[in-house]
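Protein chains in written order, with our numbering: chain A, 231 to 646; chain B, 231 to 646.
Keep in mind the hints are simulated off the structure, nothing from the lab.
Wrong hints could be hidden among the right ones.
Here are the computed lysine to any residue pairs in the SDA-like style, where the Cα-Cα straight-line distance is at most 20 Å [stated by the list, open to error]: (1) B/Lys488 with A/Gly504; (2) B/Lys476 with A/Pro450; (3) B/Lys488 with A/Lys476; (4) B/Lys374 with B/Tyr543; (5) A/Lys490 with B/Gly504; (6) A/Lys490 with B/Gly494; (7) B/Lys490 with A/Pro450; (8) B/Lys490 with A/Lys476; (9) A/Lys476 with B/Gly494; (10) B/Lys490 with A/Ser436; (11) A/Lys488 with B/Arg438; (12) B/Lys488 with A/Ser436; (13) A/Lys490 with B/Pro491.
For clarity, every value in this text was computed on a predicted model and none was experimentally measured.
There are 2 protein chains.
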Amino acid sequence: MTFREDFAALRRIGVDPEGGWSRPAFSPADIEAHEWFLARGREAGLAARYDAFGNAILRLEGETGRPAILIGSHLDTVTRGGAYDGAIGVLAGLEVLSRLHAGGHRGAPVEAIAFRDEEGRFGPFTGSRAMAGLHDAEALTRAKAADGTTLAGAVAAAGFTPDNAPRDWSRVGAYLELHIEQGPVLEQAGVDLGIVTAIAGQERMSIRFVGQADHAGTAPMDQRRDAFAGAARFAEAFRRMIRAEKGGDLRGTIGVVKVKPNLGNVIPDEVTMGLEIRGTSAGLLQGVATRIGVLAEEIAAAEGLQLRLRRLYSDAPVPMADGPRTALEDAAADLGVAPARLPSGANHDAGIVGRIVPAAMLFVPSRGGRSHCPEEYTDESQIELAIDVLFKAVCVLRRADGAGLAEPGGLQARPR
Amino acid sequence: MTFREDFAALRRIGVDPEGGWSRPAFSPADIEAHEWFLARGREAGLAARYDAFGNAILRLEGETGRPAILIGSHLDTVTRGGAYDGAIGVLAGLEVLSRLHAGGHRGAPVEAIAFRDEEGRFGPFTGSRAMAGLHDAEALTRAKAADGTTLAGAVAAAGFTPDNAPRDWSRVGAYLELHIEQGPVLEQAGVDLGIVTAIAGQERMSIRFVGQADHAGTAPMDQRRDAFAGAARFAEAFRRMIRAEKGGDLRGTIGVVKVKPNLGNVIPDEVTMGLEIRGTSAGLLQGVATRIGVLAEEIAAAEGLQLRLRRLYSDAPVPMADGPRTALEDAAADLGVAPARLPSGANHDAGIVGRIVPAAMLFVPSRGGRSHCPEEYTDESQIELAIDVLFKAVCVLRRADGAGLAEPGGLQARPR
Chain A
231 MTFREDFAAL RRIGVDPEGG WSRPAFSPAD IEAHEWFLAR GREAGLAARY DAFGNAILRL
291 EGETGRPAIL IGSHLDTVTR GGAYDGAIGV LAGLEVLSRL HAGGHRGAPV EAIAFRDEEG
351 RFGPFTGSRA MAGLHDAEAL TRAKAADGTT LAGAVAAAGF TPDNAPRDWS RVGAYLELHI
411 EQGPVLEQAG VDLGIVTAIA GQERMSIRFV GQADHAGTAP MDQRRDAFAG AARFAEAFRR
471 MIRAEKGGDL RGTIGVVKVK PNLGNVIPDE VTMGLEIRGT SAGLLQGVAT RIGVLAEEIA
531 AAEGLQLRLR RLYSDAPVPM ADGPRTALED AAADLGVAPA RLPSGANHDA GIVGRIVPAA
591 MLFVPSRGGR SHCPEEYTDE SQIELAIDVL FKAVCVLRRA DGAGLAEPGG LQARPR
Chain B
231 MTFREDFAAL RRIGVDPEGG WSRPAFSPAD IEAHEWFLAR GREAGLAARY DAFGNAILRL
291 EGETGRPAIL IGSHLDTVTR GGAYDGAIGV LAGLEVLSRL HAGGHRGAPV EAIAFRDEEG
351 RFGPFTGSRA MAGLHDAEAL TRAKAADGTT LAGAVAAAGF TPDNAPRDWS RVGAYLELHI
411 EQGPVLEQAG VDLGIVTAIA GQERMSIRFV GQADHAGTAP MDQRRDAFAG AARFAEAFRR
471 MIRAEKGGDL RGTIGVVKVK PNLGNVIPDE VTMGLEIRGT SAGLLQGVAT RIGVLAEEIA
531 AAEGLQLRLR RLYSDAPVPM ADGPRTALED AAADLGVAPA RLPSGANHDA GIVGRIVPAA
591 MLFVPSRGGR SHCPEEYTDE SQIELAIDVL FKAVCVLRRA DGAGLAEPGG LQARPR
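Construct the entire structure; sequences and hints are all you get.
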């Protein structure tokens, strides 16, 4: 089987009648995809198993005492998502291990991993966080999907244990991941391959302005405490603040807006916004997060509104590690490919694992920058080129002295 | 019975266990209130009837051939609304007719009317519009409440006909209405009584910006087509435009905002806003409505968004008529009251009837400007003073030559 044949087979699992692919974590389609993955690994002569959380692992044993090289990504999708996000990275691992096994190559052990629930049906990166041992066990028992399904119930029903399932990371030398870019940079640069410099950190917060509901016809303009007018003023100033940071790769988005009472002839008395910022500079992220709070306070005071600001979530940036990144750079050069170097605005399993072991990532272009939708697309020739680069880098890393790999790039791992 | 006793009795109907009063049009509580009103009229010796739509009418006959003086308002409330909005105007009519009847006063016939559905459960002012003959009969058959109840079903179940029920308006000399201000102007001015100069017209529109949903982490800031960023920019500019019109009494509100997909890590691709402007100058309203469209187009172009603007509803301002307004002014002066003169930003049944016959309105203060909530409050002594002014004005109008009344203040009546 080649990558193209495997990809064609995987694309038959979880086809959504309403369009795209729906393989939400621990759903029947997701379970079928993981079973298929392990079965394909066994066919290719690899050891196949699940860990206690349900992450699927293929392993090619190697020289005794050498730390393993991991290749990972995910098989779950968002609802009506695309065929490429996550899937191609898992198939790349299968392909690399199959080639290594078939070719009788020697070196360190190698694993291909499909992490569960990268898309966060039950919370961010629940599979790789379980393998990293980063979960608060009590919080796991409360985790729920938007449809009310509990993580504990879904994991147990699939035959696994809803708890941390930490591995011995001292026996791991490096982590590599191939993923679609999910943005327009590579396509616009006309480049087939990207090498990730760092995975952006993020700060998420909820900002609520509370004013007073009044009759839209009777309240004079200069006496209103209009929560949406305040929210709009804040949103404009927030975007100006983010755009003014031209030096970095800072991104800021207000994706969630809820207005109450949301009636045509009533001045809104409450607007709640969900806001996030991302960037690869930890200092800049923290500084901007602080300035956002000051800005919201100033606007609330000027508009006669009350402010409730909550910091919901904070993840530090994870720089990619020199060792595996250089292996990818060298492999690309050997194959005559000139990759672009870019940060990843989206987080990935590499952003979790990369806090513990040296990690690096390859990106392939996303047509039109689209992802999380049925239109998601990458040329298969570009994916095959990336797999060749990945294969070559793994061969080098398998033979490298473990001590030659750099320290993990992430800051101190911290439980959520 | 006095006004205070009647008000205490009416306040027992439709008390909502969750707070305030809920007498939605044609609900059991609303039907009970109208039955109570007609029964009280009969007790007071007045002729009591419903028209074909269910508007409740008390009538004191007078000199043959003289056109009638109408006193109207409404008994329905919004959900968990206040006790005063509408109710005190209907009770004022009952009180004035009772006094006239008890005192044996002579003059033109007088009616006290409780219009159905002023609060628009089934559409704006369905009762007074039915009496004015302004409904599109076909549209009435489709009218529905937010809870799915059809107007046709609710009206028929109450024993009435869901159709226009026009009266012979040539037999009407003037219309008067007493209402709470629903705004803060009278209270802040320290005045017990307001005389309305005009009822504001309004323009309602729906503005939709459509952009592109992208991953909040991967889409560069300068390549986004963020529908909420465009909407916020528009909302800021819209408020500046309204506030810049300092000469008039223009008000502008964005009360409804719907964001899609409304997810934390996705750039919004669609924002729909419900916007309204109100003012007493028809020319200014139309001019500003046009400029709003131009502004939305400019911002859509600058932000790379598509625009869909729909004009939903248009009501011209209704100036109050000289004849009945002067009668109210003179009555107030006779009683030693110095009323404020102010426009009504909210529409009222007087804004419907006033397009056909000469109409005028009295306002009493709303504490804190609040209405449509359980906290709605006006001192009963202020209401009684207003009833005295209304009584005196009606006495004068009953004796006036019908030809002495001014033309109706509204522009050409137009069906919706």
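Here's how the hints hold up against the structure:
1. B/Lys488 with A/Gly504: Between B/Lys488 and A/Gly504 the Cα gap is close to 14 Å, so the pair holds against 20 Å.
2. B/Lys476 with A/Pro450: Answer holds: B/Lys476 to A/Pro450 is near 11 Å, not above 20 Å.
3. B/Lys488 with A/Lys476: violated, 31 Å
4. B/Lys374 with B/Tyr543: Measuring from Cα to Cα gives roughly 17 Å; hence the hint holds.
5. A/Lys490 with B/Gly504: Holds, because 13 Å separates the two Cα atoms, which is no more than 20 Å.
6. A/Lys490 with B/Gly494: holds, 19 Å
7. B/Lys490 with A/Pro450: violated, 31 Å
8. B/Lys490 with A/Lys476: violated, 28 Å
9. A/Lys476 with B/Gly494: Not OK: A/Lys476 and B/Gly494 at ~23 Å, beyond 20 Å, violated.
10. B/Lys490 with A/Ser436: Status holds; Cα separation ~17 Å.
11. A/Lys488 with B/Arg438: Satisfied, since the Cα-Cα distance of roughly 16 Å is no more than 20 Å.
12. B/Lys488 with A/Ser436: Roughly 18 Å separates the two Cα atoms, so the pair holds.
13. A/Lys490 with B/Pro491: holds, 18 Å
Hint violations for this structure: numbers 3, 7, 8 and 9, all remaining hints satisfied.
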